[in-house]
Structures are given as structure tokens and as C-alpha cells.
Amino acid sequence: MELSRRRFAHFAGAAALAGRQLRGQQAPITAQQVIDRIQMGGGPSPGDIKAGDPATQVNGIATTAMATMDVLSRASKEKTNLVITLEPAFFGRLDAAISDDPVYAAKQEFIQTNGLVVWRFNDSWRARKPDPLAAGLAQTLAWTKYQVADDPTRYDLPAMPLAALAADLAKRLNARAGIRVVGDPQTSVRRVALLPGSSPLAATMKILPECDVVIAGETREWESVEYAQDTVVSGRKKGFIMLGHVLSEEPGMKVCADWLKSLVPEVPVRWLPSGDPYWRPA
Amino acid sequence: MTANEVVERIKKNLGLPWNEKTYRDTFKVGDPNTEVKGIATTFMATLDLIQRAHAAGMNFVITHEPTFWSDRDTVSDVADDPIYKFKVDFCARNNMVVWRFHDHIHARQPDLIWVGLARALGWQQTAGSRNRFTFPPTTLAALATDVQRRMNIRALRVVGDPRVKVSSAAVGMGYSIPRVAPDVDVVIGGENPEAGGQFDDTEYVLDAAFFGRTKGEIILGHAISEEPGMEDCANWLRTFVSEVPIQFIRAGEPFWSPKA
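Chains as they are written, first to last, in our numbering: chain A, 3 to 284; chain B, 0 to 259.
Possibly wrong hints are sitting among the right ones.
Computed list of chain B residues with no C-beta within reach of chain A, every gap over 10 Å [claimed, not checked]:
hint : residue
1    : G14
2    : K20
3    : T45
4    : G56
5    : P109
6    : R149
7    : V163
8    : S166
9    : R212
10   : R249
The calculated lysine-lysine pairs, modelled on DSS-like cross-linking and capped at a C-alpha distance of 25 Å, are [as the list claims (entries may be wrong)]:
hint : chain 1 : residue 1 : chain 2 : residue 2
11   : B       : K258      : A       : K173
12   : B       : K27       : A       : K208
13   : B       : K27       : B       : K10
14   : B       : K258      : A       : K208
15   : A       : K239      : B       : K20
16   : A       : K208      : A       : K173
With beta-carbon atoms standing in for the labels, derived distance ranges [to be verified]:
hint : chain 1 : residue 1 : chain 2 : residue 2 : range
17   : B       : P135      : A       : P56       : 48 to 54 Å
18   : B       : L13       : A       : P56       : 45 to 51 Å
19   : B       : G121      : A       : A129      : 47 to 53 Å
What the hints contain is simulated information worked out from the structure, not anything from laboratory work. Glycine included, each C-beta is placed from N, C-alpha and C at the ideal position.
Can you build the whole structure from these sequences, using the hints too?
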């Protein structure tokens, strides 16, 4: 009985394995085919292959907010050769137009040598409804049940001091030193608005009056930060939190990985977060 | 002495021609013909700073950075905002005047904002260099601790391996961090974008460190990097404005950070 059950399990496993291999042999999928499928499912806006050969046969897909060298080398070690990144792979330098830069050249060489393909998925992922970056951040924070109406950028939480909220964010997002806060740590906050990524002054000015605390990714010190300081000093009980650009966007790329799992069942899909880039001395 | 007379005297003592096209170094709040009771120099004319300057008897604020939350102090974009109205009302009721001193304080020789930052860091500058420092080999963690202590920073951020040995740094001010270079271990500056930046953004530094082309980056904060120079500005003003009291008032670091 036990033997037969074990044998059955063995055969079942072998059959599943054979099926996967067969599927792999019959229908290899290239990077370009994955991208075409994403564009059909996610909207017409084209993304760009930032590096690598679009005809490369994909053995695994990694999603990340920022395809740093650390992320690329982890992907390569895990036999995951298609890396889908929200932020530019080659810094702010118009990507391919910086071939004389040594860091650019070394990164390109690593990608070529290891047969990786790097594709940027930004505009159409951001444009998707409901906003996957805000919804993803809320999921990671376990706030989905507190969402206000059908707006994934707004949450109504149990009231807590700003300091407790900031500490909870740090814990749930595995932050090191990236989180920075404006406002009295003791201020009680309840109504939260999310602004993942980089946001202009106008976004903060629109939303801070309507909530107790804005949780942004990255803003400038002479823009939203000063506005938040002035808001607090004018007597309003508010807070303003910057998570860091990438830390605020990574949960949205976890959502992207989950979405791709059903869209591209042929290959494993994983989320490779780049992590909080910052630390500070104890 | 009026605020405008103070500004005219600054122009005379700068040692370089005034750029009449500057949109930064202009009056932002109040009547330039207001009689000055006292001058407060600061990094940024936040509402808090303006209130404290008023409480200290100063009605003329000389600020390095904007008053109304954008580089051009574009008031038309914010005119209906209640915080804008609150700030403007406070200034009007209390006869406050704000003037920005940015481009020309950086352009004069020496740049007083740089003088202040170098003084606050207290390191020995590499002879003949514009912004380089060398020191006995230490770890990036120890260097960051030294910077944190010397400049009293709550929300310091560091990129790179804490254990790596470093002995040289290039330092920048404000919204610029020096480019990564083969003969510099650590780049230090005020504020920079994390990704997609015009300069070497955080992603570039992470990748440069991966390839051994830099050891790391220390991000001080914009205010932290430029506020000390406004104390030097106050000292400089006293050499040619003796009619009214002049005081450096800290806007202060805007952030705190949760315990990791």
C-alpha cells in the first residue's frame, strides 16, 4: 500500500515533469513573445528592450523596481534571464546613449555575457487600473481592508501616532535608513494617501489637505518637504513620509510578478526586490 | 536702512557683477522699502523659520532656498492654497521681508556655502583641489559616523559596503553629488535623485560600487549640506552692514527617521 502510493507519487511527479519538459520543448517562449503577450494584456504602450537579444529563449522572469547589478547577478544565479524593471536599467543617461561610461559598459557586458534580457515596463504598468503600485504597497502593508471606496491610493486606518506608523512601515518594507518623516512623532494619524515613486509638489498640495499623512516615495527637499513642514507649522495635525523611490515601488512589482504568473505559465516568475539602498551608522 | 539698501550693499560687496536675469536672487515676500530691524540668514524661509525670526526681532530674512516650495517661487501655482495664504498673511501682519540669496552666494569667491560645509566637516582639504579631502584609511561606516557626529544629522543615508576601507572623498552641496571618479573613494553631497537622475544617481553609485569603481556615497540632506554656509553669510554681512543686528537662524533638518 505504502509502496504503491509512493510509486504512484513517483509516476505522477515524473509525468508532471515530462509534461513541463514537453511543454518547454514544444513551446519555448522568447523574450519578445513574453513582451508581446504583456502588451496585449496590459495595454498598447510599447516598452523598450534595454539590453540583450529579444529572440533569447526565456528560462525565467524576474520583476524588480530597479534592475541594479545586484538584482541582475541574483537573477543570473537563479537562471532567470528575463528581467523586467520599472526604473531605468542605465541610470538617467538616456540608456543606450552613454556607451563611453565605464559603469554602463560593464553592466552591458554582464548582461551580454550572461545571456540576460532587460526590459523596462514603466508607462503601461503605471497606467494600469487600479493603480498597481499603490495597491501593491497597500497589500504589503496589510492595509487592503482599510481602502477608501475604490481608490487604491487612499486608506482609513485605525488611528495611531505618526511614529508608530513610521516604525510599522520600516518593519513591513524591510527598510534600513531610507524612510524619512516630517511632522510631530506624536501626531495621531488615520487617513493615509499613497504617492509611490517620484511625485511633484502639485501632487502633495492636492492630497495633503484631504488626509492626515501622505506616504510618498521620493520628493524634493525644497518642494513637497517644505510644503509639509509649513502645513504642520500652520497648526494642522499632519505628517509626511518619504519611503524612498525604490522602496515605495517594489511592492507594485511584486504584484507584477503575480500577474505575470498567470499570463506566462511556461516559465517561473519571481519578484527580485532591489531592497532599501540606504543604511546609516547605529 | 531698507531691505533694498541691504541688497544693494550686498551687490556692491560681492566682488562680481550682478546677474540681472536671476530669477532666484529676488525679493519673495514684502516691500523692499521696509525699514529693517534685523537680518536673519537661513537655509530656507520655512513658516517656522519666519515665525522664529519675527520672535527674535528680525524682519528681514535672507534665505538660500525657496519660500513657496518651488525653485522659481511660482506663486501663481499656489495662490489659492490655504498654507500659502497663512504664510503670506503672517508675513504681511508682521511686516516681514524675504529675499533669496542663492546664485550669487555660490558664484562669489569663495562660495560661502562651500566655506560653511567645509568648516562643518572639519576635514583637511586636499591641497590644490576644489572639493577633495583625504584622510587616514578608515571604514565607510566609521567615516559615516564621523560625518553624522560632526554635522549632527538625524536622517543621514549611506550607500555602499560599511566595512570597505576608504581614504578619500569628493564633497558637493545641495542638489548635486560629485561624479564617481576612479581616484575618489566616497562621494558626499546634499540631495540627489534615486533613479533616472541627471547626475550619478543612487542606482549608478550602487552599480559603480558593484564593479569596484567607487566605495560608496554619503547623502547628507540638502539642508544639512547648505545651512552652515548661511552662518558664514551672516558673518560676511556684518563686515559691511553695521546699522542693524544680523543673526544666523537655523531652519534645521526637516526629517526624522524611524528606528530600523
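We went through each hint and held it up to the structure:
| no. | hint | in the structure |
| --- | --- | --- |
| 1 | G14 | holds, 27 Å |
| 2 | K20 | holds, 21 Å |
| 3 | T45 | violated, 5 Å |
| 4 | G56 | holds, 20 Å |
| 5 | P109 | holds, 23 Å |
| 6 | R149 | holds, 12 Å |
| 7 | V163 | holds, 13 Å |
| 8 | S166 | holds, 18 Å |
| 9 | R212 | violated, 6 Å |
| 10 | R249 | holds, 13 Å |
| 11 | B:K258 / A:K173 | holds, 9 Å |
| 12 | B:K27 / A:K208 | holds, 23 Å |
| 13 | B:K27 / B:K10 | holds, 17 Å |
| 14 | B:K258 / A:K208 | violated, 30 Å |
| 15 | A:K239 / B:K20 | violated, 40 Å |
| 16 | A:K208 / A:K173 | violated, 28 Å |
| 17 | B:P135 / A:P56: 48 to 54 Å | holds, 51 Å |
| 18 | B:L13 / A:P56: 45 to 51 Å | violated, 57 Å |
| 19 | B:G121 / A:A129: 47 to 53 Å | holds, 50 Å |
The structure shown violates the earlier hints numbered 3, 9, 14, 15, 16 and 18.
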